Amino acid sequence: INKKVYRIGKAVKDDPNGASTEADLTDKGITPMGGFLHFGQVNEDWIMLKGTVMGPKKRIITLRKSLLPQVSRRATEKIDLKFIDTSSKMGHGRFQTSEEKAKFYGGAAAKKARKEDKAADKAEDKEEEKAEEKKPEKAAGKKKGKKSDA
Numbered sequence: 001i002n003k004k005v006y007r008i009g010k011a012v013k014d015d016p017n018g019a020s021t022e023a024d025l026t027d028k029g030i031t032p033m034g035g036f037l038h039f040g041q042v043n044e045d046w047i048m049l050k051g052t053v054m055g056p057k058k059r060i061i062t063l064r065k066s067l068l069p070q071v072s073r074r075a076t077e078k079i080d081l082k083f084i085d086t087s088s089k090m091g092h093g094r095f096q097t098s099e100e101k102a103k104f105y106g107g108a109a110a111k112k113a114r115k116e117d118k119a120a121d122k123a124e125d126k127e128e129e130k131a132e133e134k135k136p137e138k139a140a141g142k143k144k145g146k147k148s149d150a
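Residue numbering for the sequence shown follows UniProt numbering, beginning at 1 and increasing consecutively.
No lab work stands behind these hints, which were simulated from the structure alone. Remember, predicted model here, so these are calculated numbers, not experimental data. Check each hint, because a few of them may be wrong.
To be verified - List of simulated lysine-lysine pairs, PhoX-like, C-alpha gap at most 25 Å: (1) 89 with 103; (2) 89 with 10; (3) 111 with 101; (4) 4 with 78; (5) 3 with 65; (6) 82 with 10; (7) 3 with 58.
Given the sequences, and given the hints that come with them, work out the whole structure.
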């Protein structure tokens, strides 16, 4: 294929920080937060190409050495990647790592979870109170009914 190769990466088990560059030293893997759309997680060796590749997402592509050496200026220029975007590709992803997201929100996620738990507990308490209120009324009604029958 006539594509410019930007980077060749190793499997996650060999190199868990494959998306780090000289300019961006953040420890992050090549898989975006939430995975690639319609693909998932990248666990094996990978290759980053310029542009698009025809076909389905998981189609195997065959790479071969060109018969003639590429001599054009575009083909021979050295690529120096400064940044690899690993934010979520679903919606408006703005965080590169989950640690960065947790740092930005602070304890907001934990606070939200606690708040939801409190709301659920209050709802359960109200339901229990209503159930307790209804039980004495029903019991009193049954007693009256028994007295009238006797």
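Results for each hint:
1. Between residue 89 and residue 103 the alpha-carbon distance is near 20 Å, which keeps this suggested pair within the 25 Å criterion.
2. Distance hint between residue 89 and residue 10 is fulfilled; the C-alpha atoms sit about 22 Å from each other, no more than 25 Å.
3. With a C-alpha separation of about 15 Å, the suggested pair residue 111 and residue 101 falls inside the 25 Å cut-off, and the hint holds.
4. For the hint pairing residue 4 with residue 78, the CA-to-CA distance comes to about 10 Å; that is within 25 Å, so the pair holds.
5. Between residue 3 and residue 65, the direct Cα distance comes to roughly 12 Å. Compliance with the 25 Å bound is thereby established for this hinted pair.
6. Between residue 82 and residue 10, the direct Cα distance comes to roughly 19 Å. Compliance with the 25 Å bound is thereby established for this hinted pair.
7. A C-alpha spacing of about 18 Å is found between residue 3 and residue 58, which places the hinted pair at or below 25 Å, so the restraint holds.
The structure agrees with every numbered hint stated previously.
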